[in-house]
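Line by line, the protein sequences are chains C and F. Following the numbering used here, the numbering of the first sequence begins with 1 at its first residue and continues without gaps. Following the numbering used here, the numbering of the second sequence begins with 1 at its first residue and continues without gaps.
Heads up, some of the hints might be wrong.
Restraint ranges, calculated between C-beta atoms of paired labels, are given here [unchecked claim]:
#, chain 1, residue 1, chain 2, residue 2, range
1, F, Ser294, C, His96, 41 to 49 Å
2, C, Leu71, F, Glu245, 44 to 52 Å
3, F, Tyr325, C, Val76, 38 to 46 Å
4, F, Lys144, C, Ile94, 15 to 23 Å
5, C, His96, F, Asp99, 44 to 52 Å
What the hints contain is simulated information worked out from the structure, not anything from laboratory work. Backbone N, C-alpha and C fix where the C-beta goes; we use that ideal spot for every residue, glycine too.
Chain by chain, the residues:
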Amino acid sequence: MFETFVVAFRQALDLILSGDPEVLSITLRSLYVSGLATMLSCMWGLPLSVALGLSSFPGKKLIRGFFNALLGIPTVALGLVLYLLLSKSGPLGIFHLLYTPLGISVGQSILITPIVVSFASSAVESTDVELRDLARTLGASSFQTSSVMLRESLWGIVLAVIASFNRAIAELGIAMMVGGNIRYVTRVLTTSIALETARGEVALSIALAIILMAIVFSITVAIGSARRE
Amino acid sequence: MTRWLAIASLIIVVMGAISYAYFSTQSKPKEHLIVSTTTSLYETGFLDILKYDFEKKYPSINVSFISQGTGLAIQTAMRGDADMMLVHDAARELKFLKDGYGVNRKVIAYNFFVIVGPKEDPANVKGLSPLEAFKRIKESGEKKGAMWVSRGDDSGTHAKEKSIWKTAGFDATNLRKMDWYLEAGSGMTATLKMADEKGAYTITDLGTYLMNYNKKNIKLEIIVEAGKDTLNVYSVIANNPKKTEVAKSNFDASMKFIKFVVSDEGQALFDNFGKKEYGQPLFAPYVKLLKSGSNAELIQWIKQQAYFDGTECPQEYRYQAEGLY
């Protein structure tokens with residue numbers, strides 16, 4: 001039993017090093033789909049985070065609570081909801097997002113927006129209030145003050161973005177349900193691992209799992225070491 | 001401020017590079033055909049061959065196969081998320097036609113289910129008929145001698161299994177509660193692997209079994225051979241363009257695909273797949289068999305199981321089907 005695992009592991013390394021075109025295409029697709037998802041969620045999530053972090057308005061606590069609650073949403077549950085909504089017989093069917101990479105991106109961005117908002121707004125909120133007062137007394141405008149605060153909390157925001165990208169690229173439920181794991185179209189790392197394991201292609205599954213973990217680890221490590229400088 | 005711009009630009013450049021790399025590995029076809037289908041066809045890799053040859057003939061069409069159990073495949077077609085389907089459950093196919101969702105059904109291939117199990121054959125069913133084997137496996141299971149793994153996923157194979165239990169006098173919904181009856185809820189390969197792990201019996205299509213056995217994924221042996229009761233017939237049905245729920249389906253491409261798989265060219269693909277490795281086609285071509293008339297008994301069996309009132313597709317469910325029947 002252990003022997004077959006070692007053999008498979010070696011075959012996996014071969015696949016990666018030989019640059020198998022399909023493995024490459026799946027990897028690029030994962031990066032593209034989850035990267036786009038991260039960008040989308042930042043687009044609407046970061047401005048919201050800044051507003052939540054810096055200002056106070058009625059309903060703020062409710063909104064914060066809402067996003068915190070959605071942090072742990074199971075991906076299959078969200079995937080199922082999206083599948084029903086995006087189906088051609090569903091309310092959002094006109095967008096033709098089901099079984100497309102863009103559909104997965106949209107779905108994943110919904111998944112990770114709570115991460116971006118929760119973490120980024122916490123980071124912004126925890127910046128020193130005295131800094132704001134100092135900026136104000138030195139004559140800074142409202143916008144300049146916000147910029148200064150943002151710069152202070154930048155690392156918190158960067159970590160939020162990294163965390164959400166990692167969550168997106170590593171999730172299976174949405175990619176499977178919304179994407180359908182169609183070869184050459186919506187097959188990504190996570191769905192491929194699931195499929196190839198079900199088909200008994202252990203070597204290929206291990207290869208893809210190694211690549212996925214390498215991506216997630218290296219991004220986290222790279223950011224971490226950059227921060228220490 | 002400039003640092004912000006620098007960071008934002010960097011991200012955009014990186015995303016752009018990845019997008020470019022990704023898209024350059026893609027081809028841009030003009031239209032899509034989505035076929036919902038069974039897991040057994042998918043897992044053996046046969047659909048990739050169909051796709052490749054079909055797209056060579058029609059380069060502007062991109063075919064996507066969504067492999068699910070037959071039950072889910074039918075629902076996907078009903079929702080209009082697939083343009084056509086390729087399944088193996090005559091009873092549900094008839095319902096699909098009767099409910100107005102499908103037109104132009106064609107029977108295209110067949111193979112046999114076999115009952116596989118551990119070499120030691122703890123329930124002692126070798127050589128029995130499928131019906132007798134099922135009965136004895138149940139008896140053995142109740143005495144804690146043998147176990148059974150079911151697909152449990154509403155697939156065509158699962159439907160076949162349930163119908164055999166029914167003919168043997170048992171209701172599968174009651175059997176599900178028994179300790180010796182396990183439900184995999186998965187595709188065929190995953191189910192076979194589970195049966196292998198547990199030393200249990202299961203029913204499988206010959207194609208998926210042979211593929212996995214040859215790859216040394218499983219050690220299960222064929223305990224009960226193929227017979228009339230375990231015939232497995234595959235058909236295609238296109239979504240009905242006159243039915244509002246599925247009117248937006250790509251009927252034109254579906255018909256092209258159907259005509260392709262029943263053509264000599266398409267049937268040859270069925271005929272060749274598996275011949276070299278296993279000595280027999282994993283999914284035998286039916287249209288070719290019908291044309292040659294070489295095995296009258298087998299043709300009779302297929303017609304008895306998969307035809308409705310003497311035809312594979314009653315007149316009222318045909319639409320723009322010149323030359324097909």
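- Task: Using the Cβ atoms, figure out if Ser294/F sits within 41 to 49 Å of His96/C.
- Result: holds (46 Å)
- Do the Cβ positions of Tyr325/F and Val76/C conform to the proposed distance bound of 38 to 46 Å? holds (43 Å)
- Determine whether the Cβ-Cβ distance between His96/C and Asp99/F falls within the hinted range of 44 to 52 Å. violated (25 Å)
- Query: Okay, Leu71/C versus Glu245/F on CB: inside 44 to 52 Å?
  - Reply: Since Leu71/C and Glu245/F have Cβ atoms about 37 Å apart, the given range 44 to 52 Å is violated.
- Hint says 15 to 23 Å; check whether the CB-CB distance for Lys144/F and Ile94/C agrees. At roughly 56 Å between Cβ atoms, Ile94/C and Lys144/F fall outside 15 to 23 Å, so the hint is violated.
In this structure, the earlier hints numbered 2, 4, 5 are contradicted, and the remaining ones agree with it.
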